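> The residues making up each chain are set out below.
2 protein chains.
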Amino acid sequence: MDNSPEGLLRSHGLSVTAQRLTVLQTITDYPHITADQAAEVARKKIGAISRQSVYDTLNTLVEKGLARRIQPMDSPALFEDRVGDNHHHLVCRSCGIVEDVDCSTGYRPCLQASDDNNFIIDEAEVTYWGLCPKCQPKSTKSQAKQTPTRKAKS
Amino acid sequence: MDNSPEGLLRSHGLSVTAQRLTVLQTITDYPHITADQAAEVARKKIGAISRQSVYDTLNTLVEKGLARRIQPMDSPALFEDRVGDNHHHLVCRSCGIVEDVDCSTGYRPCLQASDDNNFIIDEAEVTYWGLCPKCQPKSTKSQAKQTPTRKAKS
DNA sequence: ATCATTATTTGGACATAGTCCAAAATTGTG
DNA sequence: CACAATTTTGGACTATGTCCAAATAATGAT
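These protein sequence lines are chains A and B, in that order. Residue numbers for the first sequence follow the working numbering, so the first one is 1 and each next one is one higher. Residue numbers for the second sequence follow the working numbering, so the first one is 1 and each next one is one higher.
No lab work stands behind these hints: they were computed from the structure. Quantities reported herein were computed from a predicted structural model and do not represent experimental measurements. Glycine is no exception: its CB is placed at the ideal position from the N, C-alpha and C atoms. Among the hints, a few may not be true.
[Said to hold, decoys possible] Label pairs and their in silico Cβ distance ranges:
{"id": "1", "chain 1": "A", "residue 1": "T17", "chain 2": "B", "residue 2": "R51", "range": "39 to 49 Å"}
{"id": "2", "chain 1": "B", "residue 1": "P137", "chain 2": "A", "residue 2": "D56", "range": "23 to 33 Å"}
{"id": "3", "chain 1": "A", "residue 1": "A48", "chain 2": "B", "residue 2": "S11", "range": "55 to 65 Å"}
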């Protein structure tokens with residue numbers, strides 16, 4: 001019933017602290033944020049929070065199923081509060097921006113591997129790689145002037 | 001025409017060195033190996049090789065398309081020499097072992113995301129998560145006795 | 001409201017994976 | 001063979017994250 005952030009924490013057996021509320025709010029405001037970026041944002045909101053506390057909180061939220069961690073190659077872990085729907089991600093090879101994408105085939109796409117090697121599969125994680133609109137070479141214009149926040153491959 | 005490891009390196013504009021040959025051989029022998037493990041193996045073969053050299057070689061091989069790098073969550077980068085077929089991977093959540101799986105739908109599976117957010121998508125990377133045969137709880141027997149080489153989630 | 005208990009937070013040290021850099025060694029070339 | 005270009009080496013450094021014990025804050029019971 002209680003859908004507030006406080007209720008969410010309590011219903012998962014967690015005590016309510018300013019740090020947790022702030023970190024929770026932060027990943028809601030900025031999905032796909034890194035731990036260190038989240039710490040920065042949180043500090044602006046409540047003045048001070050230790051790095052360790054941000055890591056702890058994020059790990060706890062993931063454990064309790066209140067947050068999801070993804071980790072595209074060449075990127076530190078990213079956190080988002082969209083959970084429970086097994087959506088996928090689209091990552092720009094140039095600037096690293098991440099967008100959500102829904103499952104293409106409706107539900108649990110690709111969960112049947114062609115040969116499961118006798119594994120018990122519980123999740124198919126799909127990462128689409130490409131170039132975001134901003135990083136795409138513009139038709140005739142020069143394509144050299146970008147400000148990559150991430151090392152471009154190749 | 002020259003299909004030897006030496007020819008492979010030369011045809012990609014790389015000079016042939018003992019270090020490169022050894023690292024190349026190593027990822028062929030041990031697909032899904034980490035850089036540090038590859039260094040260990042390589043040292044057994046040729047006596048000595050610097051850590052940096054292994055990293056350099058692996059990066060070069062990936063750049064030249066002679067190797068592929070994958071990076072499952074909570075794992076250092078893994079290297080394999082199977083390239084050019086965009087196959088996928090099956091990862092055990094308990095012991096971390098990685099197996100190859102072919103594309104379920106034949107070619108470029110899932111490459112059509114439901115909504116591409118105007119990205120130009122060039123690859124769909126699929127990681128299947130689950131439990132390998134060895135790590136699966138056996139029917140009625142105790143399920144506590146495993147030797148996890150990787151921190152189990154939960 | 002206050003106290004005791006338990007959970008959380010903090011800061012500092014540590015670990016791991018990987019990169020940067022300049023000097024030394026090796027490879028390919030004329 | 002000798003020279004130029006490439007590669008290798010080792011040491012310092014960076015980034016991301018974890019471990020630990022002490023200090024602090026939150027919760028539950030008076």
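> Each hint needs a verdict: does it hold in this structure or not?
Evaluation of the provided hints:
no.: 1; hint: T17(A) - R51(B): 39 to 49 Å; result: holds (42 Å)
no.: 2; hint: P137(B) - D56(A): 23 to 33 Å; result: holds (30 Å)
no.: 3; hint: A48(A) - S11(B): 55 to 65 Å; result: holds (57 Å)
The earlier numbered hints are all upheld by this structure, with none contradicted.
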